[in-house]
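Use these hints to put chain B onto chain A, whose structure you have.
Number of protein chains: 2
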Amino acid sequence: MHTRESCAALDRDDPLAGLRQEFMLPEGVIYLDGNSLGPLPRAALERGRQVLVEQWGAGLIRSWNSAGWFELPTRLGDKLARLLGAGPGEVVLTDTISLNVFKALAAAVRLRPGRRVIVSERDTFPTDLYMVQGMIEFLQQGYELRLTDEDLPLERALDEDAAVLLLSHVNYRTGALHDMAEVTALAHRRGALAIWDLAHSAGAVPVDLRAAGADFAVGCTYKYLNGGPGSPAFIWVAGRHQDQARQPLSGWWGHQAPFAMAPDYQPAPGVRRFLCGTQPVLALAVAECGLDAALRADMRLVRAKSLALSDLFIDLVERRCAGHPLTLVTPRDPAARGSHVSFCHPEGYAVIQALIARGVIGDYREPRLMRFGLTPLYLRYTDVWDAVEALRDLLDNRGWDRPEHRQRGAVT
Amino acid sequence: MHTRESCAALDRDDPLAGLRQEFMLPEGVIYLDGNSLGPLPRAALERGRQVLVEQWGAGLIRSWNSAGWFELPTRLGDKLARLLGAGPGEVVLTDTISLNVFKALAAAVRLRPGRRVIVSERDTFPTDLYMVQGMIEFLQQGYELRLTDEDLPLERALDEDAAVLLLSHVNYRTGALHDMAEVTALAHRRGALAIWDLAHSAGAVPVDLRAAGADFAVGCTYKYLNGGPGSPAFIWVAGRHQDQARQPLSGWWGHQAPFAMAPDYQPAPGVRRFLCGTQPVLALAVAECGLDAALRADMRLVRAKSLALSDLFIDLVERRCAGHPLTLVTPRDPAARGSHVSFCHPEGYAVIQALIARGVIGDYREPRLMRFGLTPLYLRYTDVWDAVEALRDLLDNRGWDRPEHRQRGAVT
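Taken in order, these protein sequences are the chains called A and B.
Numbering-wise, the first sequence is residues 0 to 411 according to numbering that gives the first Met the number 0.
Numbering-wise, the second sequence is residues 0 to 411 according to numbering that gives the first Met the number 0.
With the rest of the complex left out, here is chain A (with noise of 0.2 Å):
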């Protein structure tokens, strides 16, 4: 049986604890929802002062040279293939996950002639969704979106004119995991290519993209990766497909010789053909602070502290809220979950709202969802003990049930 004591001497013991010192945390704020924002590490601050001073102020139009500005999505890409079971080369840090996902869905069904069905889930991240959408009105060659749901499971959907399966490895709401090799050996056995969206999964997870023999990846750097908000994305594409991929955001960024200024586009080897247009520099320079920050910490002790204290949150709500209406929605099973745990509350939206008011940032998904992220490099065993109890005082006195926690804004 958990108590206060016990988790502090969980954080006692933590081998990642000195992670925490590398963020910059609020006073008064316990922060559960590193899943959707991680924190800023404090190396953030002086990188941004150098980029705008240094790098822009005083080095002006050179420093795309000297400060290494046209690299940044190359060098970046990478730095993150570590953490992604990649090789450099592979991987580019650029544009925003629906964009990216655009490039790998428009280079894989190119890779698949004939076939014409896109196979997705119907409870992924919508914006994945709208991007097949877009595609298929588009192109108006017949394609066709097919979601898995209760009624269709995967192993019926991959069918013989199934030519990409496009999942999240970890589901936004409820945090269930799928095993990236044995998903996408199955699409390969029918016939398709698996393109793997990790923006909940990628620094949280032990993923392995060549081990899985997955074909497309794609993620964002601003959940586990604490990039900052809306840093850029990333898309990886398996060596074996980098010489035939071709994708239509071709901008002067993929192009072989971009300062030829050639007026015919001939694509770059490799990853840099899924770059299209001038990046971000600022965000991107800042995004680099999270990644090292996540390349310091062995990602198996990562991996051990994320499922322990999911494991301890859910241990804790259950038994220190029980009688309230909550439903874990999270598999159980350690080995089929991501980094975030989910419980359903009638009213789920109000009792969030009356968290963070006490300073425990979660967040809400529709529907009646409550969300949390346990984010390893700077949360306490301790932490969660804390935001439990504030939320079972929050439960037992209905402390959620007033005007202002149910008034929603424009981001829920």
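Any given hint might turn out to be false.
[Unchecked claim] Derived coverage of chain B by chain A (criterion: at least 3 residues anywhere in the stretch with Cβ under 8 Å from a Cβ of chain A; other residues may be distant):
| # | segment |
| --- | --- |
| 1 | 146-155 |
| 2 | 272-280 |
| 3 | 359-372 |
[To be verified] From chain A, some residues computed to sit far from chain B (all C-beta separations above 12 Å):
| # | residue |
| --- | --- |
| 4 | 37 |
| 5 | 47 |
| 6 | 328 |
These are computed hints drawn from the structure, not numbers from a lab.
Note that the coordinates shown come from a computational prediction; the quantities given were computed from them, not determined experimentally.
All C-beta atoms, glycine included, are put in the ideal place defined by N, C-alpha and C.
For chain B alone, kept in the frame of chain A given last:
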């Protein structure tokens, strides 16, 4: 006949002189490359710190609402609209020019069904052409890119098959300026829509998109708008097209109700449907400082000073560097040029490198072009004098004729 003293007198009488102090300009540098990357507004340093420390660091995920992050693309778009002759709800700051070209193009061709030709210029900035090529190759619906050049004038290129005309308002190499209203009217008479790339005119040349009757426009904020390296681009959609226009990069930020997380895409009303994925907040927020500086200047005064600086530059180069093989490539007629001036020199690359080494920063464009931006917000008439004197000294003494000046960097 100009002298340094007459230039100093012009500086004393310059009604825009006070704006120079809003920018950080390094000692010993004359910056004639603001047409490629504008300098750092002083306010950007504090804005960057505020976004990093207060909004991201202390506010964390809450800042999506409390700091207005989610509204940055539309709020800044409304500000920028005032410089473009556009109205509120018509502009968003987002993504890159290349991507916005793709969106505008994809929307435009669907508004002109049956027509299969996209007309552009052979010597426009190539990424615009690359995006057309990417779209055409992807669609496989018989679209064709038709490029105007000496052999094919616009008059002839725009025939009854022309769906879209895609032009740079100001040419990136020569500085030649199109008459937007006249060319748009020609396109419309032929039944085509007009997309304008304002990369080299927004913030430097008066732009009146509504008065010109244009259909779509795109541009960047890192040149004359001083938004920072790779700061987000913009897209404008004429009010009359907004409800019918559909673009395939249909990410969640362009959804009618992004947080409903519905599996089906429904485009937001207005220009917001041209948003796609999560935007780089830090880069966007900092870009506002450059916008604010531009909005403090009267655009008629900006244009007048731009032309006065350019006239002075052309006159001084031609008189004081007479005898050297320099050829003006930019139109001599002020009404026919933007805000940069290019000279051809057989050793243009080495000359520019040598000039940069002396603190006079221009840039180079293939083939043999030396390009100089005359930016009214922070350049003085005496800067132009001093820059030309440096050039004269370099040419008179073959100061460019050294191996280190011929060496090519990644970005030229």
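Results for each hint:
Given a C-beta distance limit of less than 8 Å, the hint that chain A covers the segment 146-155 of chain B is violated, as 1 residues qualify and 3 are needed. Closer than 8 Å: that is the beta-carbon criterion, and the segment 272-280 of chain B has 6 residues meeting it against chain A, so the requirement of 3 holds. Here's how the segment 359-372 of chain B fares: 4 of its residues keep a CB closer than 8 Å to some CB of chain A, so the rule of at least three is met and the hint holds. A beta-carbon of chain B is positioned within 12 Å of the beta-carbon of residue 37 of chain A; the least distance is around 9 Å.
Non-interface call for residue 47 of chain A relative to chain B: violated, since the shortest CB-CB distance, roughly 5 Å, does not exceed 12 Å. With a closest Cβ-Cβ approach of about 14 Å to chain B, residue 328 of chain A is found to remain outside the 12 Å limit, as its non-interface label requires.
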